[in-house]
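A.B. asks: Listed below are the residues making up each chain.
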Amino acid sequence: MRGLAALTVLAMTAGAAGCDGTGSPRPDAKPQATLVASPTSAPAPAAAAPQPAALDLKDEPSTGDAERGRALVVKFECNRCHDGTGLATAPRDKQCVGCHQDILAGRFRAPAAIMSRWKEHLGLLRETPSLQAMGARHKPAWIEGFLLEPHDLRPNLGATMPRLAMTRAEARDIGAYLTRDRVDEPRADLSMASVDRGRALFETKQCGACHAYTGVSPRPALTPPAAPYGAIALAPDLRGVRDRQRPSGLVRWLLDPKKVKPDTLMPTVPMTEKEAGDLAAYVLSAPLSPAPERKIPERLAVLSRRVTFEEINERLFKKTCRHCHSEPDYALGEGGPGNTGGLGFAPRGLNIGSYAGVAAGMLDERGVRTSVFAPMADGTPRFVAALLARQAEEAGRPNPAIRGMPLALPALSPEDIQLVETWVAQGRPL
Amino acid sequence: MRVRSMMRRLVSVCALVGIGTASAVAGACGEEIAPYVDYRVMGVASAEQALQDGKYIAAAGMVVRMFPEIQRMSVGRDGLLARASRTLALATTRSGGALAALEREVPADLLGTLRGATDAERAENLAWSVNALRNLSEVRKNDPAVQTDLGEALAAVGPSHEEARKLLEGLAARDLVATPQGYAALGRLHAELGHDAERTSAVKRCEAMTKGAAYCAGAPSSGRSQG
Numbered sequence: 001m002r003g004l005a006a007l008t009v010l011a012m013t014a015g016a017a018g019c020d021g022t023g024s025p026r027p028d029a030k031p032q033a034t035l036v037a038s039p040t041s042a043p044a045p046a047a048a049a050p051q052p053a054a055l056d057l058k059d060e061p062s063t064g065d066a067e068r069g070r071a072l073v074v075k076f077e078c079n080r081c082h083d084g085t086g087l088a089t090a091p092r093d094k095q096c097v098g099c100h101q102d103i104l105a106g107r108f109r110a111p112a113a114i115m116s117r118w119k120e121h122l123g124l125l126r127e128t129p130s131l132q133a134m135g136a137r138h139k140p141a142w143i144e145g146f147l148l149e150p151h152d153l154r155p156n157l158g159a160t161m162p163r164l165a166m167t168r169a170e171a172r173d174i175g176a177y178l179t180r181d182r183v184d185e186p187r188a189d190l191s192m193a194s195v196d197r198g199r200a201l202f203e204t205k206q207c208g209a210c211h212a213y214t215g216v217s218p219r220p221a222l223t224p225p226a227a228p229y230g231a232i233a234l235a236p237d238l239r240g241v242r243d244r245q246r247p248s249g250l251v252r253w254l255l256d257p258k259k260v261k262p263d264t265l266m267p268t269v270p271m272t273e274k275e276a277g278d279l280a281a282y283v284l285s286a287p288l289s290p291a292p293e294r295k296i297p298e299r300l301a302v303l304s305r306r307v308t309f310e311e312i313n314e315r316l317f318k319k320t321c322r323h324c325h326s327e328p329d330y331a332l333g334e335g336g337p338g339n340t341g342g343l344g345f346a347p348r349g350l351n352i353g354s355y356a357g358v359a360a361g362m363l364d365e366r367g368v369r370t371s372v373f374a375p376m377a378d379g380t381p382r383f384v385a386a387l388l389a390r391q392a393e394e395a396g397r398p399n400p401a402i403r404g405m406p407l408a409l410p411a412l413s414p415e416d417i418q419l420v421e422t423w424v425a426q427g428r429p430l
Numbered sequence: 001m002r003v004r005s006m007m008r009r010l011v012s013v014c015a016l017v018g019i020g021t022a023s024a025v026a027g028a029c030g031e032e033i034a035p036y037v038d039y040r041v042m043g044v045a046s047a048e049q050a051l052q053d054g055k056y057i058a059a060a061g062m063v064v065r066m067f068p069e070i071q072r073m074s075v076g077r078d079g080l081l082a083r084a085s086r087t088l089a090l091a092t093t094r095s096g097g098a099l100a101a102l103e104r105e106v107p108a109d110l111l112g113t114l115r116g117a118t119d120a121e122r123a124e125n126l127a128w129s130v131n132a133l134r135n136l137s138e139v140r141k142n143d144p145a146v147q148t149d150l151g152e153a154l155a156a157v158g159p160s161h162e163e164a165r166k167l168l169e170g171l172a173a174r175d176l177v178a179t180p181q182g183y184a185a186l187g188r189l190h191a192e193l194g195h196d197a198e199r200t201s202a203v204k205r206c207e208a209m210t211k212g213a214a215y216c217a218g219a220p221s222s223g224r225s226q227g
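Note that the protein sequences, when read in sequence, are chains A and B.
Using my numbering, the letters of the first sequence map in sequence onto residues 1 to 430.
Using my numbering, the letters of the second sequence map in sequence onto residues 1 to 227.
Derived by calculation from the structure, the hints in this document are not laboratory data.
In this text the structure is predicted, and so the values were computed from the model without any measurement.
Be aware that one or more of the hints could be misleading.
[To be verified] Derived pair list, reagent style BS3-like, types lysine-lysine, alpha-carbon separation capped at 25 Å:
#, chain 1, residue 1, chain 2, residue 2
1, A, 205, B, 55
2, B, 166, A, 318
3, A, 119, A, 274
4, B, 166, B, 141
[As the list claims (entries may be wrong)] Counterexamples of contact, computed for chain B against chain A with all Cβ distances above 10 Å:
#, residue
5, 110
6, 157
7, 201
8, 214
[Said to hold, decoys possible] Ranges of calculated distance between the beta carbons of each label pair, as one might list FRET restraints:
#, chain 1, residue 1, chain 2, residue 2, range
9, B, 193, A, 305, 34 to 40 Å
10, B, 201, A, 296, 35 to 41 Å
11, B, 158, A, 298, 42 to 48 Å
Even glycine gets a Cβ: it sits at the ideal position worked out from N, Cα and C.
Please work from the sequences and hints to get the whole structure.
C.D. replies: Given below as structure tokens:
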């Protein structure tokens with residue numbers, strides 16, 4: 001299981017599959033070009049989702065230090081999950097998706113029965129976006145904000161960028177490094193572009209085969225052409241493109257994605273410059289309804305039936321937690337960021353690979369060995385609190401007191417958290 | 001007899017070396033990036049599972065078959081060897097230093113004192129367990145799982161009871177006793193001193209962890225299935 005000790009995902013920014021995408025609409029995001037007004041009306045707004053901290057999304061070169069940013073990309077080990085960082089690819093047993101890709105391709109050396117079982121269950125961490133050519137398309141300020149408060153950009157990817165232990169200054173420096181190839185070019189003139197024509201082009205060019213575009217008025221259902229898994233998984237929801245993408249970069253991107261970013265899975269769709277302008281106008285300024293409120297699921301009461309470690313282990317720990325909280329000896333040296341450290345995290349020494357490992361606790365922020373079942377301020381055991389915090393993160397309400405787990409992966413269901421909470425309440429039976 | 005014994009050991013060691021070599025070669029046959037399978041990883045995991053299931057003879061047998069020289073080896077920082085050593089040490093402790101039935105599992109000449117045929121052999125085995133776990137504790141400082149195991153092993157050796165109690169009490173105060181056997185040992189140590197409330201508390205924690213295993217209340221853990 002060597003490389004399966006690998007880790008988490010960074011579904012960071014870069015638009016490996018396409019025009020890049022989502023986030024929440026931000027009140028301070030201004031159109032980047034004069035556009036022909038669209039008569040398209042958006043659906044009635046739902047309750048607005050909580051917004052990340054206000055960001056200055058103006059499109060200006062970063063004030064960060066790119067050299068320091070490179071050192072931080074090393075520190076946070078962005079190359080464990082991303083290509084295109086400017087660093088060498090991470091060793092196999094540290095990669096987020098390398099082992100999973102090997103398993104799916106039948107290259108992983110393991111007994112056939114085990115491989116078959118893994119393949120059956122392997123749904124997440126199959127792809128991560130490349131960070132190539134960020135400067136050609138992205139606003140440094142957006143990168144900074146995203147690193148500080150990551151949110152889901154790619155509805156079909158499953159995993160997201162993790163919440164790293166990063167300061168604003170560090171995020172700014174990383175933004176400067178990732179956009180170091182930025183070229184300040186004339187602002188795209190979209191004054192003659194039409195949102196309506198762009199909307200029609202969106203249909204005829206079948207952009208919806210890969211991309212969601214939530215918040216725009218409903219589009220007619222089409223039978224999209226088959227697209228490869230990777231392209232669909234990496235394709236961002238286009239809702240947030242206006243927050244992060246430079247109009248000039250977007251037009252160039254639409255005309256020839258591979259010229260901008262050679263490793264992208266976004267196909268080159270034949271279109272004229274005028275069409276690219278119209279499509280860019282639609283993506284950048286079609287009216288959007290507010291993002292629907294993401295609710296934190298209701299916490300369920302503990303069960304009355306007995307729950308054992310064996311059940312929790314089979315259902316959750318083995319499948320998810322161990323990838324980052326493994327015993328290095330099991331993983332032939334790599335215990336994962338949640339045990340031996342990584343992704344900028346100090347070693348926490350938490351091994352979820354065995355009963356004794358979980359019971360042996362973790363190193364807290366002071367480096368003191370502490371029970372993972374110690375109560376938080378509200379009495380919730382820390383282990384459970386981390387699972388609940390992930391649900392809150394998904395709802396856009398990160399808990400500053402605790403990082404949500406599983407890091408960067410979808411939150412556990414209320415039923416699964418109920419199972420863990422019951423197990424803890426029962427004295428953690430074997 | 002001595003020559004035969006040496007030959008057997010040599011064959012065992014060669015077999016292990018052979019496994020490692022074959023794996024490494026397979027890994028280099030045009031697929032360098034694919035991690036090769038080290039079957040000892042699965043073997044040690046099976047031994048650990050047997051230990052957790054209370055099958056001490058099976059657990060010890062697997063370890064001795066894979067690492068015939070383990071009692072004489074310096075484990076150092078080799079993680080796999082450390083886990084094997086821990087497994088054998090705890091299997092020995094929980095068997096009271098006597099693993100006579102191991103004769104069914106491994107060649108007799110590999111057993112050394114592990115049978116625990118005499119008081120002296122049993123004491124030697126228990127002392128080896130303490131020593132092995134103490135060494136692990138040195139390598140893995142600040143690891144309550146190893147400290148719990150060491151506390152359990154110390155509790156099985158008369159002169160070490162005070163050290164065992166202090167170690168396990170310290171862990172219990174921080175809710176870091178990592179196994180039910182650790183709480184069971186702490187319960188026995190408190191019982192020796194007539195600390196009824198503390199004993200009851202330790203036994204309760206052990207029982208919550210195990211659904212009331214007999215060894216929590218003082219029965220020797222070797223009373224469980226020997227598998």
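A.B. asks: Please go over all the hints and tell whether each is borne out by the structure.
C.D. replies: Hint check:
Straight-line distance between C-alpha atoms of residue 205 of chain A and residue 55 of chain B comes to about 65 Å, which puts the hinted pair past the 25 Å bound. Distance restraint check for residue 166 of chain B and residue 318 of chain A: the Cα-Cα separation of roughly 34 Å exceeds the 25 Å cut-off, and the hinted pair is therefore not satisfied. For a cut-off of 25 Å, the pair hint linking residue 119 of chain A to residue 274 of chain A is broken: about 45 Å separates their Cα positions. Of the supplied pair hints, the one linking residue 166 of chain B and residue 141 of chain B holds, its CA atoms being roughly 17 Å apart against a limit of 25 Å.
Every CB of chain A lies more than 10 Å from the CB of residue 110 of chain B, the least distance being 24 Å, so the non-interface label holds. The Cβ of residue 157 of chain B sits about 21 Å from the closest Cβ of chain A, beyond the 10 Å cut-off, so the non-interface label holds. At roughly 12 Å from the closest C-beta of chain A, the C-beta of residue 201 of chain B stays outside 10 Å, upholding its exclusion from the interface. No beta-carbon of chain A is positioned within 10 Å of the beta-carbon of residue 214 of chain B; the least distance is around 14 Å.
At about 38 Å, the beta-carbon gap between residue 193 of chain B and residue 305 of chain A stays in the expected band of 34 to 40 Å. Separation of residue 201 of chain B from residue 296 of chain A is about 37 Å and conforms to the stated range, judged on CB atoms against 35 to 41 Å. Taking 42 to 48 Å as the suggested C-beta distance range, the pair residue 158 of chain B and residue 298 of chain A does not conform, at roughly 55 Å.
The structure is inconsistent with the numbered hints 1, 2, 3, 11, although it conforms to all the rest.
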